[in-house]
Amino acid sequence: MTSHLVAAFLRLLTGITAHWRGCGPDVRQRIYFANHSSNLDAPALWAALPPALRELTCPVAARDYWTAGRVRQHLAEKVFNAVLIERKAPTARDNPIEDMLKAMGERRSLILFPEGGRFPGPDPVEFKAGLYHLAKKRPELELIPVLLDNLNRVLPKGELLPAPLIASATFGAPLRLETGEQRNDFLTRARQAILDLRQN
Amino acid sequence: MHDRELLYLAGGVLGLLLVASVIGWFAARRSLSDAGRATVSNLNARMRAWWIMTAVFGLALATGGMGSILLFAFTSFTALREFITLTPTRYGDHRALFWAFFVVTPLQYLLLAVEWYGMFTILIPVYVFLLLPIRAAAAGETEKFLERTAKIQWGLMICVYCASHAPAILVLLNIPGYENQNAKLLFYFVLICELSDVLQYVFGKTFGRHPVAPAVSPKKTWEGLIGGVTATIAIGAGLWWATPFTPLQAAGICLAITLMGFGGGLVMSAIKRDRGIKDWGTAIEGHGGVLDRIDSLCFAAPVFFHLVRYYFAVT
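These protein sequence lines are chains A and B, in that order.
For the record, in the first sequence the residue sitting at position 91 is 91 according to this note's numbering, with numbers rising by one throughout.
For the record, in the second sequence the residue sitting at position 181 is 1181 according to this note's numbering, with numbers rising by one throughout.
These aren't lab readings, by the way, just hints derived from the structure by calculation.
Keep in mind the model is a prediction, meaning the values are calculated, not measured.
All C-beta atoms, glycine included, are put in the ideal place defined by N, C-alpha and C.
One thing to keep in mind: the hints can contain errors.
As the list claims (entries may be wrong) - Here are some, though not all, of the chain A residues that point toward chain B, as calculated from beta-carbon distances under 8 Å: (1) 13; (2) 15; (3) 153; (4) 156; (5) 163; (6) 166; (7) 170.
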């Protein structure tokens, strides 16, 4: 119940609409990867999914931000089903990739931000290696590029108060890691897939 | 609602919607060319939206002043969202935007609710006009400063200030001999605005040949304009009994509404064309965004309000 209300509130605040351009909202295990510029990205993208998908999708979120208060922690753990990872240097014990794989299990999908942090520009910067490692461990999963637009204008980095502009999430065609594809080639291809979604 | 004239107006509009819906239903059942089917499908989507808008507006009127004020406040908010979303703003505008949406817009409508005409009239054109740029300048980002500030102010003027003059008809006009009947006048105004849009569209599609401003909007033609305006004035004058005007006065006021409405549509088209977009949003199926539906109303509302205020109301 709470998650429906939170999702409705987020959709109202950001006006976020999902455009399923290259794939449909199928109930299938996937990794959604998107550009990252605002703390609203994960909640808004989660809210933009249809309810059936929302229950089975875990956004990957920064532990230091989302455990900074009781409300945020409750939202992250109970409402968004977030996978909380360390934003700072991952240690051998605190490996985010393993946390993500464990959270996914056999049924759940993931929302990932391969840039590794929030960047203010409209275009994503170079991707970190996380997406590549996940794709190598679970090569059968569909990797869906998602272009998030305007969320950085709704809640820019460093701001507390939102401006209720209309955001959008565009879902592209699935990617897969080709056998023998090099890490950098794959990451470049994935980043380009998001940039391509800007073309109408 | 014991006002019979208002019931007649409402009944007339419902009858019109019913006839149009039936025509649309029959048209959809005939097999037409692909282009014909697309037009019919679009027209039927527009009809559905008209039913919903009429129902919402009727409900707001039925609840008296507060319902209409709330409806227009929500409409202004949504239109402003659509406008600002498609306007390039930068990080330095963020605080100013927060104020525009969550302080200025509610305040403008609050002023209506407490019937403070003096402040209602100057809040946005004077105080917001001066204070918002100060806030944005203090944020320190100077790139394209004048452009950004001007665009935000323009959005507030059209989406909030001008639109708020429609519910102002209900709340701020004191017309001798027409006490407690302002709901009819608001209904009349909105009806004439939308009728003008629809009739210009119909005449344009049927007889349109010479565009008025082809670089701005190829669909606005002289035939559509003259036909639509004439037909609307005829209907508006015919409805004089619901208004405080004589038939001739009603015709004159309708001329003002329709010409301003046409101008509004033209101006907003020019902005959209410059930005390379077709609609301001997707909120209303078949019509586009909220701003696409109220653009002519926004330009006509202040003019109508002031004409009535100067010539018919006591202040």
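Taking the hints in turn, this is what the structure says about them:
1. 13: Interface hint status for residue 13 (chain A): violated (10 Å vs cutoff 8 Å).
2. 15: holds, 6 Å
3. 153: This hint holds: residue 153 (chain A) lies near chain B, its Cβ roughly 7 Å from the closest one there, short of 8 Å.
4. 156: Nearest chain B Cβ about 5 Å off; hint holds.
5. 163: holds, 4 Å
6. 166: holds, 4 Å
7. 170: Since the shortest Cβ distance to chain B is 14 Å, the answer is violated.
Checked against the numbered hints given earlier, the structure breaks hints 1 and 7 and satisfies all the rest.
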